[in-house]
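Participant: Take a look at the letters that make up each chain.
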Amino acid sequence: AQSVTQPDIHITVSEGASLELRCNYSYGATPYLFWYVQSPGQGLQLLLKYFSGDTLVQGIKGFEAEFKRSQSSFNLRKPSVHWSDAAEYFCAVGARKLVFGKGTKLTVNP
Amino acid sequence: NAGVTQTPKFQVLKTGQSMTLQCAQDMNHEYMSWYRQDPGMGLRLIHYSVGAGITDQGEVPNGYNVSRSTTEDFPLRLLSAAPSQTSVYFCASRNGAGGGPYGYTFGSGTRLTVV
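These protein sequence lines are chains A and B, in that order.
Positions 94 to 203 (the working numbering) are the ones given, in order, by the first sequence.
Positions 930 to 1044 (the working numbering) are the ones given, in order, by the second sequence.
No wet-lab data here; the hints were simulated from the structure.
Cβ coordinates follow ideal geometry from the N, Cα and C atoms, glycine included.
Any given hint could turn out to be false.
To be verified - Pulled a few chain A residues facing chain B out of the computed Cβ check, cut under 10 Å: (1) L137; (2) F183; (3) A185.
Work out the full structure: start from the sequences and follow the hints.
Facilitator: Here you go:
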C-alpha cells in the first residue's frame, strides 16, 4: 500500500535561512509525487509535482524538490526562507488515490 | 473562474443529525474527491469519483455517502452525524479520470463540529 512519511512535525527556521523538508514514500510503481502548502484556515495549494524526467523539479514561490528513487525520498527545499513561507507543508503520493503525509508545520523567526 | 467551491464554510450539528456538504467545480474536471483533515493526521480520503455516475471508497468512508450526477457537483452526505466526524472537510478536483501527474485544486474547506 502506498504511504508517505514526513518525519518532522514542526520545523523552525530564521528568515533568510535555507530550508529542507523531508518526505519518504512507499509506492509500488513509479510514483507521482506532490508537495502542497496550507496557510492557516485555507485550502491546499500545489507547490510542485514530479512524474518523470529530471529528478529536480522547480515549483512556485522559489521552492524545488529532488526525487531520489534509491532513497524513496522527495525532499522540498528553498534557499532562503521568507516570513510568508510560514505554513504547513504536505507531501503526497499517488495516482488515482492521493495519499498525504501528516504534514510539517514551518515557523519562520524574524 | 471560481475553481472549487465548498458550502457551507462552517457548520455545527447535533449528534444524529444528517447534512450534506456541497462541492462544485467549474473546470470540467473528471476526478473529484473528498478528504477530511484532523490535527496530526494529515488528509485522509473519504470518497472519490472518476466521472458522473462513478464513485468509490477511500480510506475512511464509513458514515459518509456520495453521489455524482453531474460533472460539476460532488456532494458529501453525513447520514447520522457523530462527534468523531468533527473535522475540516476538503473537496478537491483534477483533470483525468485515471492516474496521472495532475495537481489537485482544493476548495477552501468546511469546518464541521458535531456536538
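Participant: If a hint holds in the structure, say so; if it does not, say that too.
Facilitator: Okay, the hints, checked on the actual structure:
no.	hint	in the structure
1	L137	4 Å, holds
2	F183	6 Å, holds
3	A185	8 Å, holds
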